[in-house]
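Enquirer: Take the sequence shown: its letter number 229 is residue 1231 in our numbering, and every next letter is one higher.
Check each hint, because a few of them may be wrong.
Said to hold, decoys possible - With a straight-line Cα cutoff of 25 Å, these simulated DMTMM-like cross-link-like pairs (lysine to aspartate or glutamate) come out: (1) K1005 - D1114; (2) K1213 - E1189; (3) K1254 - D1164; (4) K1060 - D1142; (5) K1007 - E1061.
No wet-lab data here; the hints were simulated from the structure.
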Amino acid sequence: MSKGKLLLVPSGGLANCMRAIVSAYHLCQTVDSRLQVVWFQGWGMHAAFNDIFEPITKEHIAVREATAWDYLVNDRPRRHNLWLPYLPQQLYYRGGVIGELQIASLQQQGFDFSQWLRGHHRYMSCHFEVVTPPRSLYRDFFTPSEPVRRMIEAYQKQFSSDTIGMHIRRTDNIDSIKRSPIELFVEAGREELAAHPDAKIFLATDSEDVKKEMRQYFGDHIITSTAEATRDSVVGIRAGLAEMYALSLTRKIYGSAGSSFSEMASWIGGNTLQILER
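Using the sequences and the hints given, assemble the complete structure.
Expert: Below, the structure is given as structure tokens:
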């Protein structure tokens, strides 16, 4: 039987795309298949892959930017594109297509993704883990691009010998806003500084109001970006990735409920993650 091949279209924000790629790679490894990642820019991801990452050097995986042809044939079928890619996908992959809206249901049914892929040419769009890879796989899978590495180094130079991380998600994440109010982070910060008076707090957030409020509580103990929090440009996506990797370098991360960002940071760094929620 010939080796299989999976074409993956990751979707969603930064952490979601990273999870989808690593998970799909692990799936391909288990059945000796190749992985082709087609990287689309759009809502939540306003940057090319090479804008934020170095090329992946692992075997049996290739990442390329979406072409005009990909937008017609390999994009996720949805109202935005009038579902035009649906028919070409069904014909080309001979029905071997799994879309992001199907995956959770298939997982609940105990679907065998390995058997589905083995020896075949398949298509999948996904914004989370289709199978669970070893968490250690995340630690060296991606290498931030040189501009992002410079930003990470700038943050790290401000760290003390004991720096904790906080990720406070706001804007469009209603779940995080309701379940992880800022009061929980203030309480955690006070407890940390009571035990470690010289500690620093690295703050990653998508809210300028949160930055202002946390500075009012903790003053010079706070390390955070001086740029406006935004994810709708290459600069903004690079800043978000730099914050993720800076979080990964802290002793412990206090994260927001319903957000994969701090979870990804802890997988990269192997550090402790505590989700603050009520």
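Enquirer: Determine for every hint whether it applies to the structure shown.
Expert: Hint by hint, here is what the structure shows:
In summary, the hint linking K1005 to D1114 is supported, as the alpha carbons are separated by about 17 Å, within the 25 Å threshold. Pair hint K1213 plus E1189 holds up; C-alpha atoms about 16 Å apart against a cutoff of 25 Å. Simply put, K1254 and D1164 have alpha-carbon atoms about 10 Å apart, close enough for the 25 Å limit, and the pair holds. About 10 Å separates the Cα atoms of K1060 and D1142, which keeps this hinted pair within 25 Å; it holds.
Distance restraint check for K1007 and E1061: the Cα-Cα separation of roughly 13 Å lies within the 25 Å cut-off, and the hinted pair is therefore satisfied.
The earlier numbered hints are all upheld by this structure, with none contradicted.
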